[in-house]
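Q: One letter stands for each residue in the lines below.
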Amino acid sequence: MPFIPNIQAFCCHYTSQQTLAEGPEGLLADGFPKNVTIHRLVCTGKLEVSTLLKAFEDGADGVYVAGCPVDQCHNLMGSQRAAKRVGAIKKALTELGVEPERIEMYHLERGFHPEFVKVAQEMHERITTLGPSPFQGGTK
Amino acid sequence: MIIAERKPFNEIMEMVRDAKRILVLGCRGCVTICSAGGEREVEILASLIRLGKQKAGQPVETIEATLVRQCDKEYIDSIDQWDGQYDAIVSMACGVGVNFIANLRPMAKVYPGVNTSSFGGSAEQGVWSEQCAGCGNCILHLTGGLCPVARCAKSLFNGPCGGSVDGRCEIHKDVPCIWQSIHDKMVRTDNADGLAVIAPIRDWSTSGHGGPRKTIRPDLTV
Numbered sequence: 001m002p003f004i005p006n007i008q009a010f011c012c013h014y015t016s017q018q019t020l021a022e023g024p025e026g027l028l029a030d031g032f033p034k035n036v037t038i039h040r041l042v043c044t045g046k047l048e049v050s051t052l053l054k055a056f057e058d059g060a061d062g063v064y065v066a067g068c069p070v071d072q073c074h075n076l077m078g079s080q081r082a083a084k085r086v087g088a089i090k091k092a093l094t095e096l097g098v099e100p101e102r103i104e105m106y107h108l109e110r111g112f113h114p115e116f117v118k119v120a121q122e123m124h125e126r127i128t129t130l131g132p133s134p135f136q137g138g139t140k
Numbered sequence: 001m002i003i004a005e006r007k008p009f010n011e012i013m014e015m016v017r018d019a020k021r022i023l024v025l026g027c028r029g030c031v032t033i034c035s036a037g038g039e040r041e042v043e044i045l046a047s048l049i050r051l052g053k054q055k056a057g058q059p060v061e062t063i064e065a066t067l068v069r070q071c072d073k074e075y076i077d078s079i080d081q082w083d084g085q086y087d088a089i090v091s092m093a094c095g096v097g098v099n100f101i102a103n104l105r106p107m108a109k110v111y112p113g114v115n116t117s118s119f120g121g122s123a124e125q126g127v128w129s130e131q132c133a134g135c136g137n138c139i140l141h142l143t144g145g146l147c148p149v150a151r152c153a154k155s156l157f158n159g160p161c162g163g164s165v166d167g168r169c170e171i172h173k174d175v176p177c178i179w180q181s182i183h184d185k186m187v188r189t190d191n192a193d194g195l196a197v198i199a200p201i202r203d204w205s206t207s208g209h210g211g212p213r214k215t216i217r218p219d220l221t222v
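If you read the protein sequences in the order shown, they are chains A and B.
When we follow our numbering, the leftmost residue of the first sequence carries the number 1, and every step to the right adds one.
When we follow our numbering, the leftmost residue of the second sequence carries the number 1, and every step to the right adds one.
These are computed hints drawn from the structure, not numbers from a lab.
Be aware that one or more of the hints could be misleading.
Stated by the list, open to error - Ranges of calculated distance between the beta carbons of each label pair, as one might list FRET restraints: (1) A/77 x B/196: 41 to 51 Å; (2) B/117 x A/46: 24 to 34 Å; (3) A/3 x B/56: 18 to 28 Å; (4) B/59 x A/3: 51 to 61 Å; (5) A/40 x B/172: 40 to 50 Å.
Note that the Cβ used here is the ideal one computed from N, Cα and C, for glycine as well.
Okay, chain A solo, but in the shape it has when bound (with noise of 0.2 Å):
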């Protein structure tokens, strides 16, 4: 059976616009993998470290944060937070011995542009050459 990675990714109102705009079976139409699971944010700058990790252990193979672009977001520096934030847990991944590149930050132009849909193939072609992650679905 092919490996078919689980994504978690976590993008702003503001570069995610074409999920509302098109819906589900538009992003699909699109070519928006069905493997990747959106979650949206009013702001990427909210995300925190833990919550990236949380998906790892929740079972994600990868995590990408989709926000503004870096001198443009919306709330000022948002998205250089948020770009902070992969940073650190790619050193975390380096240092549990695990390929960095399972998480990623995006800076993307806000509103309705294919780049959301190309970075998630990005992410989906990535992980699918990386292999299934190497964190077993765990007990807290």
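With chain A's structure known, arrange chain B on it following the hints.
A: Showing chain B alone in chain A's frame:
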């Protein structure tokens, strides 16, 4: 405040290698302010420990808790509520907290989750700098409020060493020469004469050179 930083994760994992139930214990004091060992960092470390153990295929249970302080007996007593529920404690307080738990709970295996580095302040968000050495005999009234013990690389008492360039310390250009700052401050506050006073040879016994220090306040002891 006391400045600390989380230890490298692999170092912590080695400490708890044999533990199956781990109490990750934060402190709401200094280490919360410097984002090293507060509630948020407890949550992150506990999650990392679980992930590390999952990857190794080892079962683990974690308890996450944060005490008001770990440098008072009254607060340490509250860890008794988890008696029998943990094999090891990873304290994310400064070294004082780890020592207090070790002192007061002789049977507990307690490990440090952070490296305690200095007494300092927040220079800007995410940056902390050492300001005080805790040497036990403060001379800030003689130096414009700027400490040559903590902030001069050589802890000099009578002016700069001569190695500074453009007001920067010879150990690194990012480090200001504190004696340059002291000079400028004293001149700015019409206190330049104070710079001519020679500080006598110092008795460092108050700085820990006379062994572990203890402060006793008879007016407060019961």
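Q: Check the following: the C-beta atoms of residue 40 of chain A and residue 172 of chain B are separated by a distance inside 40 to 50 Å.
A: holds (45 Å)
Q: Just to be sure I understand the hint, the distance between the Cβ atoms of residue 77 of chain A and residue 196 of chain B should be within 41 to 51 Å; is that true here?
A: holds (49 Å)
Q: Starting from the range 24 to 34 Å, see whether the pair residue 117 of chain B and residue 46 of chain A falls in it by beta-carbon distance.
A: holds (30 Å)
Q: Measuring from beta carbon to beta carbon, are residue 3 of chain A and residue 56 of chain B in 18 to 28 Å?
A: holds (22 Å)
Q: Between residue 59 of chain B and residue 3 of chain A, does the C-beta distance stay in 51 to 61 Å?
A: violated (25 Å)
Figure legend: structure checked against the earlier numbered hints; the only hint not met is number 4.
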